[in-house]
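J.: The primary structure of each chain is shown beneath.
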Amino acid sequence: MVFSSLVFIYIFLTFTFILYFFAAKSIRQKNAVLLVMSLFFYAWGEPKWIILMLISTAVEYYGAIMVDEYKEERPEIAKAALAVSVSVSLGFLFIFKYFDFFAFNFNQTFNTNISLLGFTLPIGISFYTFQTITYIVDVYRGKAEVQHSYPRLLLYVSMFPQLIAGPIVKYVDVEKQLTARTSSGRKVGDGAFRFLVGLSKKAIFANVAGEIAKQFLDGNLKELSVVGAWMGILAYTLQIYYDFSAYSDMAIGLGKIFGFDYPENFNYPYISKSITEFWKRWHISLTTFFREYLYIPLGGNRKHHVINLLIVWALTGLWHGAAWNFILWGLYYYLIIVLERLFLGNVLERCPKVLQHIYTMFLVIIGWGFFYFDDMERLKSFFWIMFGINGNPFANITDKSVFINHILFFAVAIIAATPVSKIIRKYFTKLSAKSSTMSYVCDAALILTGVFLLFINTAALVGSTYNPFLYFRF
Amino acid sequence: MDKPKPKKRPLFRNNNMGVMLLMSFLLIITIMFLLSIVLPDKKISERENRTLTPFPKFSVSSYFSGDFNRQIDDHYSDTFPFRDFFLNVNDKLTKLTSQFSSGSDDSIVVIQTGERDLGGEGFDDYEKAQAEAEGEVND
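Listed in order, the protein sequences are those of chains A and B.
My numbering puts the first residue of the first sequence at 1, with every later residue one more than the last.
My numbering puts the first residue of the second sequence at 475, with every later residue one more than the last.
Hints were generated in silico from the structure; no laboratory data involved.
Be aware that a few hints might be false.
Covered stretches of chain A (chain B as the covering partner; in silico rule of three or more C-beta atoms under 8 Å from a C-beta of chain B) [said to hold, decoys possible]:
#: 1; region: 49 to 60
#: 2; region: 100 to 106
#: 3; region: 111 to 117
Think about it this way: if two alpha-carbon atoms lie no more than 27 Å apart in a straight line, the pair counts; the simulated DSS-like pairs of lysine-lysine are [stated by the list, open to error]:
#: 4; chain 1: A; residue 1: 30; chain 2: B; residue 2: 566
#: 5; chain 1: A; residue 1: 273; chain 2: B; residue 2: 482
#: 6; chain 1: A; residue 1: 353; chain 2: A; residue 2: 426
#: 7; chain 1: A; residue 1: 430; chain 2: B; residue 2: 566
#: 8; chain 1: B; residue 1: 482; chain 2: A; residue 2: 400
#: 9; chain 1: A; residue 1: 214; chain 2: B; residue 2: 482
#: 10; chain 1: A; residue 1: 280; chain 2: B; residue 2: 569
Heads up, the beta-carbon is just placed ideally off N, CA and C, and yes, glycines get one too.
My request is simple: use the sequences and hints to build the entire structure.
T.: This is the structure we're talking about:
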């Protein structure tokens, strides 16, 4: 089930809200509602491999109990339990996501004949595997208490708002909220509003950008012009941001409605002034995971950090998909980040700000090129076209009409990706704080806006034929 | 340990108003859900000239392949209460944002924009675009 579907909003949420807010009285009952609904939600899209999530969680559950038991007296057993449980979870991820890719390339290189497994990727496996790892590692590190209730651990792993496309919530972030959480009307209202804003980012911005991108990038590349290539990849740049940050907004909003505080996942990535900064603003929960559970344990900045960075970036690329283009995409960022650390960062700082922004966005847009094309041949021709190398026309009539038709859309979408919303938010809260009457007027405006957004998004969803979530593949 | 992050102040200032947004949301989706049960399902859409997705027959194999659930998704959006009204709203909305993203009508729009852009482009491109567009329509 995806968040931007009518079944999710109009049936699933109806039942979940009514059961959660009216039927369930105690926190235990509320947790039970969330768990049952989350499992139902997951099984809707993944009826078979839901078993994998249950097993993976069970492995970490028992593993963590062993870690906790032996941590003090027999640390080597605790370490072994940690290693085994993490390996099992990563093993599942490897078998289902990467085995075929490695086997195929191994066969090609060494002329062997390893048979492929042909599994389709279980939804959300890349996300929940990392979540369970944060749990057991933090128990081992003494940062988190061991969880003695399997259903409660399963609730952490399977909570439907963040289960299938993040943010990757660390166990310590929600540990306390699993047993006691405070909620307020303000928080609930903010959650609902955030969800509706996210829904609009998805159903309106991401889907329109996606249509434009598809039109240029999925066709015959021989007919694509230089301008068309740039417009297509620019549209994709907007699409992937709106799509993914919309999903995070909806997840965070739904979390708030149920009293959970999930970490922010995006912080206006496209206003970055360097690639290093970009990766502090883009998919924050993933980079945090890699930093805390891989980079720092490897030695971080202290020893052989160039190699540590290489490992982290190769895996970041690979996490996004078992294909060469994702590895290239990761290594591309590795290269830039190392250069920025060596000297480029210093050079950049001396440049005018405009240049810093242009530099960053140029490289990010090129990066999305690597990300988009999983076919190496198409990837190559696309880059050739972008830089006018293989003699495609500079522009054609379609480009012009698409540009004119969408100039307003592009303008709004680009502006809305900047912190302009933050400024509006600031003025809004200031206005709302002026007097009690004013606060009611402002709150009423929020309610009306929310209802209006629900209305137009329903129309957009009823009318949409094209409505995938990009981060579903991961 | 992690230092506490500065929390964003909520947009809502009054608890009862915050609850009111969620309750309006819930009320709307509940009413629509009830309507979707009460109102008879249409079998055909005259507006789009096609048969709408029927409610799927349950079988173990269709459940585990995911087809059953997918068809429920399609059935529900095909028989959504006041569907034609929402489609009209969406058409207006797409005209506002763009003319290419409406899905099924794309190829026809190409011709219109071609005419409007004709300006100094010459007829070759225009005729080509038109031929392409017609080709798409014929598909």
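J.: If a hint holds in the structure, say so; if it does not, say that too.
T.: A quick look at each hint next to the structure:
no.	hint	result
1	49 to 60	violated (count 0)
2	100 to 106	violated (count 0)
3	111 to 117	violated (count 0)
4	30/A to 566/B	violated (41 Å)
5	273/A to 482/B	holds (24 Å)
6	353/A to 426/A	holds (24 Å)
7	430/A to 566/B	violated (35 Å)
8	482/B to 400/A	violated (42 Å)
9	214/A to 482/B	violated (37 Å)
10	280/A to 569/B	violated (37 Å)
Hint compliance for this structure: hints 1, 2, 3, 4, 7, 8, 9 and 10 are not met, and every other hint is.
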